[in-house]
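So for the sequence shown, the working numbering puts the first residue at 1; every next one is plus one.
Just so you know, the hints here were simulated from the structure itself, not pulled from any lab data. Among the clues, some could well be false.
Per label pair, the in silico range of CB-to-CB distance [claimed, not checked]: (1) Pro89 x Gly12: 34 to 44 Å; (2) Gly17 x Arg88: 38 to 48 Å; (3) Pro10 x Lys78: 30 to 40 Å; (4) Ala61 x Pro115: 16 to 26 Å.
No residue lacks a Cβ here, since even glycine has one placed at the ideal position from N, Cα and C.
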Amino acid sequence: MTPHDMVVTPTGLRFMGRRFPCTVGRGGITDDKREGDGATPRGTHGIVGMLYRPDRMAAPADWAVPIGPGDLWCDDPKHEDYNLMVSRPFTHSHEVLRRADPMYDLILLTNWNWPFARKNKGSAIFIHQWRRPLGTTAGCIGLDRLHLQWIAARIRHQTRLIVL
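With the sequences and hints as input, model every part of the structure.
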């Protein structure tokens with residue numbers, strides 16, 4: 001582990017010498033991730049992208065990609081674009097990335113089951129804003145908005161998410 005790694009522990013997420021409260025999936029942390037189980041996959045995951053809502057915040061990093069009105073994330077294991085960003089119109093199961101609430105205003109994309117997804121091994125494992133402190137996610141890591149923005153501005157190419 002390096003100071004540039006984000007490490008999820010029972011006491012929060014550690015990054016660059018600081019500790020931030022975080023939430024994990026309602027199914028806890030698992031070694032056997034399955035689509036829809038609500039669990040956060042244990043292991044070491046790369047950070048492969050950053051998405052943000054340009055109508056709600058400035059770009060947190062020069063490599064961040066704006067979320068457009070038609071941007072979605074495919075979570076249909078039967079579709080060829082499973083665990084990839086897609087656009088409207090899209091008739092298969094998906095998550096809307098441009099949400100009415102602020103949860104996906106800033107998203108750090110992990111390489112869990114990406115880019116060559118195995119069917120039913122889980123999709124859309126993101127780091128995003130939590131709904132509320134001590135709440136759970138559908139399998140992602142949730143953080144306070146200001147903490148997430150602070151972290152996003154300091155991520156480097158070598159940054160990894162390590163879920164213990």
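Hint check results:
A C-beta distance of roughly 40 Å is found between Pro89 and Gly12, which places it inside the suggested range of 34 to 44 Å. Against the hinted window of 38 to 48 Å, the Cβ-Cβ separation of Gly17 and Arg88 comes to about 42 Å, which satisfies the hint. For Pro10 and Lys78, the Cβ-Cβ distance of about 36 Å falls inside the hinted range of 30 to 40 Å, so the restraint holds. Look at Ala61 against Pro115: about 21 Å separates their beta carbons, and that is inside 16 to 26 Å.
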